[in-house]
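Work out the full structure: start from the sequences and follow the hints.
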Amino acid sequence: MTSLLGPITATGVCLVIMVWLLIGHRGKGTLAEQHKDHHTAWWMLLFGLFAQGAGQMFAAPKQVGDSLTTAMNTQFNAGAGATALILVMVLFGTKPRVWKDVIVGATLPAAALASGSILALPFTVVGSFLHGLVGA
Numbered sequence: 001m002t003s004l005l006g007p008i009t010a011t012g013v014c015l016v017i018m019v020w021l022l023i024g025h026r027g028k029g030t031l032a033e034q035h036k037d038h039h040t041a042w043w044m045l046l047f048g049l050f051a052q053g054a055g056q057m058f059a060a061p062k063q064v065g066d067s068l069t070t071a072m073n074t075q076f077n078a079g080a081g082a083t084a085l086i087l088v089m090v091l092f093g094t095k096p097r098v099w100k101d102v103i104v105g106a107t108l109p110a111a112a113l114a115s116g117s118i119l120a121l122p123f124t125v126v127g128s129f130l131h132g133l134v135g136a
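Following this note's numbering, the numbering of the sequence shown begins with 1 at its first residue and continues without gaps.
The hints are simulated quantities; they were obtained by calculation from the structure and are not laboratory data.
Any given hint might turn out to be false.
Unchecked claim - Pairs of lysine-lysine residues, derived as BS3-like cross-links and limited to a Cα-Cα distance of at most 27 angstroms, are as follows:
no., residue 1, residue 2
1, K28, K95
2, K100, K28
3, K95, K36
Shown next, in the form of structure tokens:
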């Protein structure tokens with residue numbers, strides 16, 4: 001399946017998001033002027049969604065999200081839903097910081113999908129829509 005822009009894989013979408021964030025945060029020019037730090041969390045949520053289906057290059061966000069969920073269950077018996085809620089509170093309840101938003105935003109989709117709760121619903125619906133939209 002192809003998209004309006006031609007064939008794009010999940011790995012390709014992750015690369016595009018990475019370049020956008022690097023140019024937007026560190027660069028100068030038109031893209032940098034459009035980028036705001038509070039946008040990073042939303043871009044990284046999309047990155048995390050596409051990283052679920054990307055190749056080995058982007059396996060880390062899913063592995064970190066799964067490891068965090070397992071660690072929280074083992075140490076605190078908190079449950080996957082509590083882990084996902086904690087990540088949501090850290091991501092959206094604190095002041096936007098680029099590196100915090102990058103790490104938490106990329107791992108939140110994996111933690112939410114692991115919970116299998118209502119927290120996974122937005123990621124499942126939006127992820128399916130975006131995967132169909134870009135053909136990844």
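Now for the hints, and whether the structure bears them out:
The hinted pair formed by K28 and K95 meets the criterion: a straight-line CA distance of about 24 angstroms does not exceed 27 angstroms. Of the pairs offered as hints, the one joining K100 and K28 holds, with about 22 angstroms between alpha carbons and a cut-off of 27 angstroms not exceeded. Straight-line distance between C-alpha atoms of K95 and K36 comes to about 13 angstroms, which keeps the hinted pair within the 27 angstroms bound.
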